[in-house]
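*Asks:* This is what each chain is made of:
There are 2 protein chains.
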Amino acid sequence: MNKSFTPYNRILMGPGPSNVHPQVLKALSKPALGHLDPQFIELMDEIKSLLKYTFKTENEATFVLSGPGSLGMEACLVNLVQSGDKVIVCVGGYFANRMTQIVEKIGGHVVVVKETWGRAIDPQKLEDTLKQNPDAKVVAFVHAETSTGALSNIKTLAEIVHKFGALVIADTVTSLGAVEIQIDKWQIDASYSCSQKGLSCVAGMSPITFSPRAIDYIKNRKIPVQSWFNDLNLLLSYWNGPGKRAYHHTAPSNQFYGLHEALLLLKEEGIENSWRRHKENSVKLVSRLKDIGLEPLVPENERIPNLLTIKIPDGVDEAKIRMELLKKHNLEIGAGLGELAGKVWRIGLMGYNSNEKMIEFCVNSLKDVIG
Amino acid sequence: MNKSFTPYNRILMGPGPSNVHPQVLKALSKPALGHLDPQFIELMDEIKSLLKYTFKTENEATFVLSGPGSLGMEACLVNLVQSGDKVIVCVGGYFANRMTQIVEKIGGHVVVVKETWGRAIDPQKLEDTLKQNPDAKVVAFVHAETSTGALSNIKTLAEIVHKFGALVIADTVTSLGAVEIQIDKWQIDASYSCSQKGLSCVAGMSPITFSPRAIDYIKNRKIPVQSWFNDLNLLLSYWNGPGKRAYHHTAPSNQFYGLHEALLLLKEEGIENSWRRHKENSVKLVSRLKDIGLEPLVPENERIPNLLTIKIPDGVDEAKIRMELLKKHNLEIGAGLGELAGKVWRIGLMGYNSNEKMIEFCVNSLKDVIG
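Respectively, the protein sequence lines represent chains Z and U.
Sequential numbering from 100 applies to the first sequence in our numbering.
Sequential numbering from 100 applies to the second sequence in our numbering.
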């Protein structure tokens with residue numbers, strides 16, 4: 100209790116956080132800057148620009164929230180949903196379900212498109228629901244459902260939504276940097292992600308982007324945004340300069356250094372190369388897991404490349420295995436969440452960790468512990 | 100744009116952030132941990148315990164929010180205020196004014212106790228307002244008003260409130276660690292702070308504490324808390340274990356390492372010694388500033404020891420002076436905010452920076468630049 104904390108050197112192959120790139124860790128220790136320092140404002144501009152590259156967007160309202168991805172989820176919903184609005188949420192897992200809870204807190208009327216946990220959202224189900232609810236103002240879905248390992252086709256989903264005129268919110272927490280995302284081409288109106296996982300940075304920040312259409316909608320809302328911290332009108336006064344930035348909150352300078360470094364590394368690699376690397380390593384990991392008798396839950400063409408859900412073999416005490424992996428190999432993998440608790444493990448192969456060495460380490464450790 | 104970011108080595112003597120202790124910077128770079136790792140849960144428990152020491156409280160609901168102090172402000176208000184509630188806010192500066200904006204967003208009915216910017220809240224005014232509004236559910240005030248340099252007597256203010264039965268929220272963003280705070284003795288029902296300033300840690304986290312009375316109130320609210328991220332019912336399921344922690348969000352492990360180290364350093368010094376150090380150095384700084392013709396705005400017995408507002412001498416271009424301090428001496432001091440913009444500078448002498456060397460550096464730099 101009275102001494103400095105020394106974390107174990109864990110290999111983080113759960114659903115996140117994943118291991119942080121050493122250069123990012125180093126960046127965190129640089130001297131702090133004031134949140135209105137001209138040099139810090141330059142850093143913010145660079146982060147904006149790098150996030151535009153990462154999200155594949157020209158949206159001016161692209162920046163990072165000073166809180167984790169869950170705060171980003173709330174920020175998107177609270178700005179685009181007004182009390183009384185009808186909101187369609189496609190739910191095939193824990194995180195989409197969280198969206199429905201937030202919409203309810205805003206006073207929105209939730210209509211759920213229900214999908215089996217472990218499957219991509221069926222576009223036909225969304226289209227049918229929209230036909231029955233053409234007055235829906237917003238449609239929200241999760242790109243890569245962290246709780247199930249299923250990747251939905253958000254390009255197709257967004258196309259369907261736009262036929263009905265609603266705004267599209269896509270959760271890209273687990274996909275950003277690791278799976279193809281095209282915010283502009285696919286006409287996603289708002290999206291939030293996290294700073295860890297595909298970006299190889301520390302947890303605690305939420306990259307976020309809003310289309311001009313979404314901004315326009317927010318500026319013309321009748322009911323004021325019910326959150327102060329997440330009110331985009333206020334946030335944009337701080338982020339969108341130059342020369343006229345208004346104080347909003349004290350930005351976490353050192354976290355921003357880490358994010359900047361992580362985004363630079365991603366750009367250096369080339370984002371398309373990063374997508375390809377995650378895909379290729381995923382295929383290798385699945386093949387090696389099959390070698391030791393472990394089977395993925397999600398059908399091949401619906402799998403998140405950087406987050407696999409693996410069925411727990413009969414008779415195996417899943418919690419015991421995870422604890423042994425942690426103790427014996429310093430390896431963290433994830434438990435199942437919600438409906439899949441006790442039924443799957445979640446193995447992340449993300450960002451800095453998506454490489455052959457980690458695949459071998461993970462498979463060998465599992466083999467050793469399961470026996 | 101395409102290279103790693105190297106911040107200047109600024110001396111941060113504005114209203115915050117202040118310079119971070121080197122040991123804290125070092126702690127930030129340690130390997131990340133999962134938010135449900137047994138070792139991380141231990142770290143969370145230690146942080147809780149260290150925060151209880153720092154806040155002088157036994158409140159079980161004492162923990163740290165994964166976002167800056169502004170998020171802490173919103174968290175306290177959104178949990179303790181329900182739509183339609185009458186809320187008294189004592190406003191003598193920018194940050195108390197922000198509280199009124201948040202209460203309005205919640206749908207509360209704000210009654211303002213107005214105080215002159217640069218003065219402590221007059222307890223008599225609060226008592227008079229409570230007599231006229233005995234149905235007020237919550238009274239909120241700022242301990243150390245960062246925008247004006249005025250320190251209010253929150254012990255006296257809280258005593259008055261308790262005669263009327265309302266809940267007390269105190270902003271301790273600028274005071275925690277630097278000025279005496281006694282959450283339990285003074286019967287403060289909820290308080291939030293920040294991780295920088297008096298704690299010498301990086302920005303981005305908000306230590307927070309709720310009394311058992313506040314928790315009881317929250318658990319019996321008729322209207323659900325309108326924020327998901329800040330809903331105390333959910334946050335406490337994650338923070339208050341052991342053995343039954345429910346996932347809430349991915350906690351920023353490396354930020355927590357920094358906070359843990361900062362709180363340890365504070366405990367090592369002894370919090371009473373830290374309060375004394377800030378007070379003594381404040382007296383020295385004021386005396387040295389007077390030597391060069393600079394006068395504090397706030398009367399002596401109402402001054403925040405770690406944040407001085409200094410009147411700008413006639414004929415001085417205040418923005419130019421600040422820019423020259425930054426360029427020539429790498430020294431950041433703060434501008435006035437809100438009503439005091441253009442009228443004062445704000446000089447912070449906080450945490451790691453509260454020492455004689457910094458006093459001399461600041462005074463000599465000011466003397467050099469003002470001429």
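None of these hints come from the bench; they were simulated from the model.
As the structure is a prediction and not an experimental result, all values here were calculated from the model.
A couple of the hints might just be wrong.
Since the list can't tell identical chains apart, any single copy or any two copies may satisfy a pair.
[Stated by the list, open to error] Result set (BS3-like, lysine-lysine): computed pairs, CA atoms no more than 25 Å apart in a straight line:
| id | residue 1 | residue 2 |
| --- | --- | --- |
| 1 | K213 | K456 |
| 2 | K426 | K185 |
| 3 | K102 | K151 |
| 4 | K318 | K466 |
| 5 | K321 | K204 |
| 6 | K419 | K102 |
| 7 | K213 | K419 |
| 8 | K262 | K318 |
| 9 | K125 | K102 |
| 10 | K466 | K442 |
| 11 | K318 | K204 |
| 12 | K378 | K185 |
| 13 | K466 | K456 |
| 14 | K125 | K321 |
*Asks:* So, for every hint listed, does it hold in this structure?
*Replies:* Comparing the hints with the structure gives:
Taking CA atoms no more than 25 Å apart as the test, K213 paired with K456 passes in neither setting, with 38 Å inside one copy and 64 Å between copies. In this assembly of identical chains, the alpha carbons of K426 and K185 never lie at most 25 Å apart, being 48 Å within a copy and 53 Å across copies at closest. For a Cα distance limit of 25 Å, the shortest separation of K102 from K151 across copies, 17 Å, qualifies, whereas the shortest one inside one copy, 42 Å, does not. For the identical chains of this complex, K318 and K466 are neighbours neither inside a copy (55 Å) nor across copies (46 Å), given an alpha-carbon limit of 25 Å.
In this assembly of identical chains, K321 and K204 lie within 25 Å of each other by CA distance both inside one copy and across copies; the values are 18 Å within and 13 Å between. Neither within a single protomer nor between protomers do K419 and K102 lie at most 25 Å apart by alpha-carbon distance, with minima of 30 Å and 45 Å respectively. In this assembly of identical chains, the alpha carbons of K213 and K419 never lie at most 25 Å apart, being 32 Å within a copy and 60 Å across copies at closest. Proximity of K262 and K318 under a CA criterion of 25 Å is satisfied intra-copy only: 23 Å inside one chain copy versus 44 Å between copies.
In the homo-oligomer, the alpha carbons of K125 and K102 lie at most 25 Å apart both inside one protomer (22 Å) and across protomers (14 Å), since each shortest distance falls under that limit. Taking CA atoms no more than 25 Å apart as the test, K466 paired with K442 passes inside one copy only; the shortest distance there is 18 Å, against 69 Å between copies. Both within a single protomer and between protomers do K318 and K204 lie at most 25 Å apart by alpha-carbon distance, with minima of 21 Å and 16 Å respectively. With identical chains, the CA atoms of K378 and K185 are never at most 25 Å apart, being 36 Å at best within one copy and 56 Å at best between copies.
When the C-alpha separation of K466 and K456 is checked against a cutoff of 25 Å, the pair qualifies only within one copy, where the shortest distance is 15 Å, while the shortest distance between copies is 59 Å. Taking the shortest Cα distances, K125 and K321 never come within 25 Å of each other, neither inside one copy (46 Å) nor across copies (48 Å).
Violated hints, listed in ascending order, are 1, 2, 4, 6, 7, 12, 14; each of the other numbered hints is respected by the structure.
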